[in-house]
Amino acid sequence: MKSEKPMKILAVDNEIHMLKLLERIISEKTPYDIETTNNVLEVPEMIKESKYDLIISDLKMPGMDGLELLQYVVERGGGEEFIIITAFGSFDTSNNAMEGGAFDYITKPFRKEQIIAAVNRVMKFKTAQKELDEMLEIFKSRPFESAQVEFESQYIKRLFDECGGEIEMVIKLSGLARERVEELNGGAR
Amino acid sequence: MNWFKKLIQRDQTYPSELFDSLQLKFKHFLDLLDQNNRVLKTISDMEEKLREEFLFDMNYVTSSLEDVRSGVLKMIDCMIVLGGDDYKKLQSRYKWIDDEIELILPGSRGIVPDELTINFTDLGKNRAWSVGSKNAHLGELKASLKLPVPDGFAITAWAYKIFLEHNDLQARITDLIESVDITHYDDLARISGQIQSIVMSAKVPDIIIEDINLTLSQIIESDDVKRFSMRSSAIGEDTLFSFAGQYRTYLNVRVEDIIDRYRLVVASKFTPKAIYYFLSHSFSELDLAMSVGCVEMIDAHSAGVVYTRNPVVADDNCLIISSIFGLGRYLVDGLLTPDEIKIDRDSGQVQETHIATKPVQLALDKNSGTIEIPVPIDLQNEISISPEQIVELTKFALQIEEYYGTPQDLEWVINREGDLKILQTRPLRIIETDTSSSLPPDTNLERIAEGGETVCPGAAHGRIFHVTSPENLISVPRGTILVVPHSFPGLVTVMERVSAMIVEVGGVASHMATLAREYGLPTITGMKITEKLKQGSDATVDANNCVIYKGFAEEIIKSRKNKGGLFEDMPIIQLLKRILDKISPLTLINPTSSKFVIDNCITLHDITRFSHQKAMSEMFRSAGELQGNSEFTHQLRTKIPLKVNVMLIGNQAKDYLGDKWIEDSNIPSAPMAAFWSGILEQKWPSTHSQSQDDKFSTIPTKTNSSRKKISFEESSFAVISREYMVISLHLGYHFTSVEAMCTDIAGKNYIRMQHKGGGATRDRRILRVHVIETILSNLGFTNASRGDFLDTSVGYQDKETLLEKLKLLGRMIMCTKQLDMALTNETLAKWHSDDIMRKLGIEQHKENTIDYFD
Numbered sequence: 054m055k056s057e058k059p060m061k062i063l064a065v066d067n068e069i070h071m072l073k074l075l076e077r078i079i080s081e082k083t084p085y086d087i088e089t090t091n092n093v094l095e096v097p098e099m100i101k102e103s104k105y106d107l108i109i110s111d112l113k114m115p116g117m118d119g120l121e122l123l124q125y126v127v128e129r130g131g132g133e134e135f136i137i138i139t140a141f142g143s144f145d146t147s148n149n150a151m152e153g154g155a156f157d158y159i160t161k162p163f164r165k166e167q168i169i170a171a172v173n174r175v176m177k178f179k180t181a182q183k184e185l186d187e188m189l190e191i192f193k194s195r196p197f198e199s200a201q202v203e204f205e206s207q208y209i210k211r212l213f214d215e216c217g218g219e220i221e222m223v224i225k226l227s228g229l230a231r232e233r234v235e236e237l238n239g240g241a242r
Numbered sequence: 065m066n067w068f069k070k071l072i073q074r075d076q077t078y079p080s081e082l083f084d085s086l087q088l089k090f091k092h093f094l095d096l097l098d099q100n101n102r103v104l105k106t107i108s109d110m111e112e113k114l115r116e117e118f119l120f121d122m123n124y125v126t127s128s129l130e131d132v133r134s135g136v137l138k139m140i141d142c143m144i145v146l147g148g149d150d151y152k153k154l155q156s157r158y159k160w161i162d163d164e165i166e167l168i169l170p171g172s173r174g175i176v177p178d179e180l181t182i183n184f185t186d187l188g189k190n191r192a193w194s195v196g197s198k199n200a201h202l203g204e205l206k207a208s209l210k211l212p213v214p215d216g217f218a219i220t221a222w223a224y225k226i227f228l229e230h231n232d233l234q235a236r237i238t239d240l241i242e243s244v245d246i247t248h249y250d251d252l253a254r255i256s257g258q259i260q261s262i263v264m265s266a267k268v269p270d271i272i273i274e275d276i277n278l279t280l281s282q283i284i285e286s287d288d289v290k291r292f293s294m295r296s297s298a299i300g301e302d303t304l305f306s307f308a309g310q311y312r313t314y315l316n317v318r319v320e321d322i323i324d325r326y327r328l329v330v331a332s333k334f335t336p337k338a339i340y341y342f343l344s345h346s347f348s349e350l351d352l353a354m355s356v357g358c359v360e361m362i363d364a365h366s367a368g369v370v371y372t373r374n375p376v377v378a379d380d381n382c383l384i385i386s387s388i389f390g391l392g393r394y395l396v397d398g399l400l401t402p403d404e405i406k407i408d409r410d411s412g413q414v415q416e417t418h419i420a421t422k423p424v425q426l427a428l429d430k431n432s433g434t435i436e437i438p439v440p441i442d443l444q445n446e447i448s449i450s451p452e453q454i455v456e457l458t459k460f461a462l463q464i465e466e467y468y469g470t471p472q473d474l475e476w477v478i479n480r481e482g483d484l485k486i487l488q489t490r491p492l493r494i495i496e497t498d499t500s501s502s503l504p505p506d507t508n509l510e511r512i513a514e515g516g517e518t519v520c521p522g523a524a525h526g527r528i529f530h531v532t533s534p535e536n537l538i539s540v541p542r543g544t545i546l547v548v549p550h551s552f553p554g555l556v557t558v559m560e561r562v563s564a565m566i567v568e569v570g571g572v573a574s575h576m577a578t579l580a581r582e583y584g585l586p587t588i589t590g591m592k593i594t595e596k597l598k599q600g601s602d603a604t605v606d607a608n609n610c611v612i613y614k615g616f617a618e619e620i621i622k623s624r625k626n627k628g629g630l631f632e633d634m635p636i637i638q639l640l641k642r643i644l645d646k647i648s649p650l651t652l653i654n655p656t657s658s659k660f661v662i663d664n665c666i667t668l669h670d671i672t673r674f675s676h677q678k679a680m681s682e683m684f685r686s687a688g689e690l691q692g693n694s695e696f697t698h699q700l701r702t703k704i705p706l707k708v709n710v711m712l713i714g715n716q717a718k719d720y721l722g723d724k725w726i727e728d729s730n731i732p733s734a735p736m737a738a739f740w741s742g743i744l745e746q747k748w749p750s751t752h753s754q755s756q757d758d759k760f761s762t763i764p765t766k767t768n769s770s771r772k773k774i775s776f777e778e779s780s781f782a783v784i785s786r787e788y789m790v791i792s793l794h795l796g797y798h799f800t801s802v803e804a805m806c807t808d809i810a811g812k813n814y815i816r817m818q819h820k821g822g823g824a825t826r827d828r829r830i831l832r833v834h835v836i837e838t839i840l841s842n843l844g845f846t847n848a849s850r851g852d853f854l855d856t857s858v859g860y861q862d863k864e865t866l867l868e869k870l871k872l873l874g875r876m877i878m879c880t881k882q883l884d885m886a887l888t889n890e891t892l893a894k895w896h897s898d899d900i901m902r903k904l905g906i907e908q909h910k911e912n913t914i915d916y917f918d
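Protein chains in written order, with the working numbering: chain A, 54 to 242; chain B, 65 to 918.
Hints listed in this document are in silico derivations from the structure and should not be mistaken for laboratory results.
Misleading hints may appear alongside valid ones.
[Unchecked claim] Think about it this way: if two alpha-carbon atoms lie no more than 35 angstroms apart in a straight line, the pair counts; the simulated DSBU-like pairs of lysine-lysine are:
id, chain 1, residue 1, chain 2, residue 2
1, B, 641, A, 161
2, A, 113, B, 641
3, B, 138, B, 152
4, B, 210, B, 614
5, A, 165, B, 659
6, A, 82, B, 641
7, A, 61, B, 596
8, A, 113, B, 105
9, A, 82, B, 598
10, B, 105, A, 82
11, B, 105, B, 89
12, B, 596, A, 101
13, B, 747, B, 718
14, A, 101, B, 614
15, B, 747, B, 703
16, A, 225, A, 193
17, B, 159, A, 113
18, A, 179, B, 622
19, B, 747, B, 596
20, B, 747, B, 812
21, B, 903, B, 703
22, B, 225, A, 161
23, A, 161, B, 598
24, B, 598, A, 58
25, B, 598, A, 61
26, A, 58, A, 177
27, A, 161, B, 863
28, B, 614, A, 61
29, B, 290, A, 113
30, B, 596, A, 104
31, A, 82, B, 614
32, A, 165, B, 747
33, A, 165, B, 863
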């Protein structure tokens with residue numbers, strides 16, 4: 054997992070001040086990549102390739118508001134998570150956003166730690182979800198033998214990651230024969 | 065106070081009316097306290113947003129500012145009710161401070177009525193809310209600094225409003241703007257075109273035309289053939305957000321064309337780039353009024369810009385002059401690379417001179433407008449400003465910088481006779497860079513371009529994207545390195561989405577450069593664009609060193625990361641900081657000082673502080689004036705040998721009408737009851753009984769019942785309600801006042817104590833203040849002391865906690881009553897503070913003791 058590309062965030066707000074602050078905080082204080090736009094109407098084009106893991110959007114914007122954007126993103130089904138930024142006290146909208154499929158909401162003004170924590174939660178969730186999807190894929194394999202092969206190669210791959218690529222350690226921890234480990238490791242590559 | 069005296073006289077016949085008026089006054093007093101509390105809370109909220117690195121938007125800034133403004137204004141209104149017309153001076157003081165805030169965030173008050181036109185000789189910087197800062201500063205330079213500024217006048221924002229209203233334009237414009245898609249240049253251009261044509265077809269009302277003609281006649285003699293330049297001076301231009309070059313300027317305008325050009329400048333508020341700029345900064349278009357400057361046209365031999373500091377290298381002690389032949393427009397529009405002269409700010413010596421090739425110049429056309437003409441071959445590579453002119457310009461520039469106290473960006477012109485004139489001044493944005501991180505990094509990557517000048521430092525990685533005209537801006541992909549031959553309109557619309565910008569022609573002093581710094585966009589100008597900068601190729605820009613590398617130079621990107629506070633350089637953060645500078649510092653501290661006067665209020669916090677203090681004095685004064693009227697004032701019946709007059713406010717006051725005594729066992733005020741129980745528990749100190757402090761320690765006989773006014777200084781006095789108390793204790797030669805609000809809402813609650821003076825020498829009195837500070841900081845109070853004056857408070861806690869603290873405060877006041885006499889040195893002071901805390905059962909926190917006695 055380590056060598057995978059950093060997760061990507063898209064921030065949407067018509068006001069560039071907020072975007073600049075978000076850009077700064079994400080790029081300086083988290084390992085994630087961020088892109089921004091101050092034109093919500095540009096978002097459908099930007100998310101065509103589904104390269105974002107998370108969209109952070111303001112609620113009130115000219116052209117399309119945050120809830121409409123959320124609905125669009127959810128209906129498109131590109132898998133982006135959504136955090137909506139609302140003004141203080143707009144409980145109903147936050148509620149609507151959560152019901153509409155947002156991962157979280159955050160009220161302005163907020164501490165930098167709040168957004169970092171919210172983003173981390175999303176990313177943790179995305180990682181867990183990816184892993185779960187991989188596991189489910191294995192369960193779907195037929196016949197049993199091919200599921201077993203996939204499982205074993207995943208198992209060894211993870212163990213290698215954990216042991217920093219040290220084969221002796223992998224042999225010891227797995228209790229498998231050297232030949233089997235080498236075979237599986239080759240398969241994983 | 066005449067009002068009051070009248071009431072007292074009338075009181076003989078209408079006691080209940082007097083009672084009601086008094087209660088009304090008390091109501092205003094409580095309102096004032098409430099507003100004071102709100103304002104202070106908003107201020108500390110704003111401070112917290114900066115300190116704790118919050119993310120907030122423009123709406124937060126404007127709404128907080130609005131809260132503070134309205135709270136302070138309400139306090140002033142209350143003060144006038146409480147203390148009379150003398151306090152009306154607070155209104156002008158408020159306006160003086162608020163004008164300064166308006167300079168920082170223009171338009172936040174809306175368009176305020178003013179004259180339609182104003183001669184520069186009658187203008188000053190504090191009128192920027194009416195004429196825009198460009199006009200206001202020109203007036204300031206001309207009228208106050210007596211610098212050579214051309215004649216001229218401003219057509220105000222109020223005239224703009226009248227122009228729009230006269231033609232019913234605003235609603236139509238607002239509708240159109242709301243329909244715009246701001247990042248599509250063609251859509252912006254379409255809407256912009258519609259709005260501009262609406263403006264151009266509108267009629268300038270006669271009232272404005274007549275006013276313009278009248279002011280013109282002050283400037284032009286009858287046979288004069290003066291020409292003018294018509295320049296935008298929008299409210300909000302040239303402040304924290306520069307709007308540099310967003311609006312139009314018309315040069316060499318004939319008198320008969322002034323009205324038409326006025327309309328054109330107003331219409332330029334709606335150019336695509338201007339609409340983009342204010343929408344993307346969340347400015348409301350409604351608030352940004354257009355004032356126009358009408359300035360005598362100077363036939364330029366040469367012209368240019370001065371930066372009084374290097375905007376990208378802060379510790380470089382240089383002033384930079386950019387200069388070209390002819391009119392300055394070709395320089396600020398970035399169409400010519402100017403001569404650049406760097407001058408040492410201290411010695412005035414020229415440090416560096418770069419002479420550019422200047423093939424053309426912009427000159428005045430015979431009829432009107434301008435014409436491009438060639439620069440004679442033999443002059444093209446000559447410097448466009450003489451050494452004497454450099455000296456004179458440097459002198460003026462530094463004088464202006466000193467006057468404003470911040471680095472300036474000036475525009476200047478030299479006429480055919482060689483006379484220097486200043487055309488504009490505005491604050492210069494300085495980009496703080498850490499020079500250690502600016503060294504050329506060690507990398508093996510191939511350099512594909514180098515040279516030119518840093519417009520805005522920084523580094524970025526992306527793909528090269530060439531654009532040669534505004535129409536192609538729409539296709540600029542996000543995150544690319546934008547390469548353009550020169551600056552052109554609309555560049556600002558992509559500054560938010562590109563990662564770096566390379567401009568082949570132009571200097572560091574163009575409008576494009578100002579905007580690039582505002583956006584924090586790494587930008588290089590004057591860089592020769594070579595074939596190696598291929599469209600779509602991967603590159604890294606090092607704007608500090610003016611080098612472009614092939615591929616991704618990670619080490620360069622890393623080394624250029626922001627090193628200061630996380631958000632420090634962000635415009636919105638700076639905006640809040642600058643507004644807070646006018647709001648939050650407290651400079652009026654000591655109410656017993658002769659400097660505690662309205663004229664010394666320099667922040668809004670000072671006004672609230674002053675009003676709060678004076679409101680209490682006014683309450684005491686009113687109470688004092690009613691001393692003789694036993695119906696309204698009561699005395700506290702207590703074992704403590706202290707005469708305390710008590711006045712009740714609020715609903716329960718009626719219940720006590722006519723009663724002489726209030727029992728100390730049954731004080732109808734929760735805070736006062738708690739406080740007094742502390743005093744009773746500690747008892748009146750019996751030692752040092754022969755000291756002068758006992759002067760008032762016996763109940764005075766009949767002296768108070770006469771007509772003689774009992775002032776604040778002579779008697780102990782309490783004004784109380786169920787949830788509030790303010791008591792001024794006169795314990796001999798020092799005065800202590802304690803104010804407390806204890807309600808069910810923690811956010812409203814506070815205790816505040818002020819203490820000053822004493823019978824002992826000054827150093828002993830100061831030691832006593834230190835003892836009190838030590839004890840109170842262990843009780844959770846926040847202290848501010850100056851000499852022997854102490855101002856201390858604690859707040860935002862629940863009622864029970866504060867009542868407990870009040871009781872301890874009462875005990876502590878008894879313990880320290882005559883302490884100053886005994887405090888001969890710091891060791892003793894430390895011993896006493898420890899001793900008192902032990903007696904009172906206050907836990908000692910280590911960090912709270914070191915400050916005072918070590």
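### Query
Hint numbers the structure violates, sorted upward?
4, 5, 19, 23, 29 and 32
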